[in-house]
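Participant: My request is simple: use the sequences and hints to build the entire structure.
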Amino acid sequence: MDSVHPAGDMAVIYLEADDLAAAFAAVGGSGEPFDRWFRDHVQEVHGISLAEGMPLPEQILGLDSDAAGHR
Numbered sequence: 097m098d099s100v101h102p103a104g105d106m107a108v109i110y111l112e113a114d115d116l117a118a119a120f121a122a123v124g125g126s127g128e129p130f131d132r133w134f135r136d137h138v139q140e141v142h143g144i145s146l147a148e149g150m151p152l153p154e155q156i157l158g159l160d161s162d163a164a165g166h167r
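Start counting the sequence shown at 97; every next residue gets the next number (the numbering used here).
FYI, nobody ran anything at the bench for these hints, they're computed from the structure.
Glycine residues also receive a C-beta, built at the ideal position from the N, C-alpha and C atoms.
Do not rely on the hints blindly, as some may be mistaken.
What the hints assert, rightly or not - Derived CB-CB ranges, DEER-like:
(1) E128 to D162: 42 to 50 angstroms
(2) D136 to E112: 20 to 28 angstroms
(3) P129 to G158: 35 to 43 angstroms
(4) E148 to Y110: 17 to 25 angstroms
(5) A103 to G158: 19 to 27 angstroms
(6) S161 to E112: 23 to 31 angstroms
(7) E154 to A107: 15 to 23 angstroms
Facilitator: Quick look at the structure:
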């Protein structure tokens with residue numbers, strides 16, 4: 097069975113840091129070979145320039161204790 101996402105191909109990138117904005121800024125301005133490769137591929141695949149900064153997504157913790165069966 098083929099599964100096709102309506103928006104097309106998708107990639108999930110997980111980055112964990114105490115200061116996410118600083119981590120993206122560091123990758124965006126780094127001259128390290130992996131960071132340059134990563135920036136180039138993010139730009140090519142997603143059209144996002146990490147060198148220009150990246151707006152952070154809104155972080156929401158959603159928990160419905162009733163739906164989880166807790167009362």
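Participant: Hint compliance check: list the failing hint numbers for this structure, sorted ascending.
Facilitator: none
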